[in-house]
Amino acid sequence: RQRMENPDHNQIHPNLKSTVYCNAIAFGGVEEWDFAWRMFQTASLASEASRLRSAMACTKTPWLLNRYLEYTLDPTKIRKQDTISTIQYIARNVVGMPLAWNFVRARWSYIFEQHGQGSFSFTNLISGITMRFSTEFELQELKRFKEDNLHVGFGSATLALEQAIEKTTANIKWVNENKAEVLKWFIKETTRGTQNLM
6 RQRMENPDHN QIHPNLKSTV YCNAIAFGGV EEWDFAWRMF QTASLASEAS
56 RLRSAMACTK TPWLLNRYLE YTLDPTKIRK QDTISTIQYI ARNVVGMPLA
106 WNFVRARWSY IFEQHGQGSF SFTNLISGIT MRFSTEFELQ ELKRFKEDNL
156 HVGFGSATLA LEQAIEKTTA NIKWVNENKA EVLKWFIKET TRGTQNLM
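Plus 5 on top of the position in the sequence shown (first one is 1) and you've got our numbering.
Just so you know, these hints were derived from the structure itself, not from any lab. Be a bit skeptical, because a hint or two may be false.
With a straight-line Cα cutoff of 20 Å, these simulated SDA-like cross-link-like pairs (lysine to any residue) come out [what the hints assert, rightly or not]:
no., residue 1, residue 2
1, 22, 48
2, 148, 102
3, 22, 52
4, 184, 142
5, 85, 52
Input sequences plus hints: build the corresponding full structure.
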């Protein structure tokens, strides 16, 4: 809050800025996000702009994340070379993961046309978005995405897509084999924790 009231006087230690910014945006609202956006637009240091770009993906407000995703396709808002990493930042957010996945699926042709040829970061786009996939529904979406976009292609992300399908299959298997055991452990631990409070 103090930072917003006096934006030119930033007393946050550089090693803590990323964490502080992310938490302020995660637990803040539109006002905090818009403040970070203004600071990002006027940042004179690349490191500060990068921290802010990452932190804006921490919001828990879906429409802000969707707006931010749309900004990634506008080079006057997000530099073209930062598009893929910004989408990945959003995908790391639990709220943002399905939004980023839906966004990439809906805009695949454009994203591939703009970033699919020779971009090193493009290879990581699919794996970054799908790394937590662990349901049959998500697996079917991945397979459908592959089928629906064969005519467009996947370029350097081809292997990443195959690996995402394999990893999601493995995650489903792991969940099926271990969910009962994990649930039992959680119940035991929460019961123990409750008993210790009495």
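Taking 20 Å as the top limit, are the C-alpha atoms of residue 22 and residue 52 close enough?
-> holds, 10 Å
Is residue 85 within 20 Å of residue 52, Cα to Cα?
-> With Cα atoms ~17 Å apart, residue 85 and residue 52 stay inside 20 Å; holds.
Is residue 148 close enough to residue 102, meaning Cα to Cα at most 20 Å?
-> holds, 18 Å
20 Å limit on alpha-carbon distance, applied to hinted pair residue 184 and residue 142 = holds, 17 Å
Hint consistency between residue 22 and residue 48 [alpha-carbon to alpha-carbon, up to 20 Å] | holds, 14 Å
Violation of the numbered hints given earlier is absent; every hint is satisfied by the structure.
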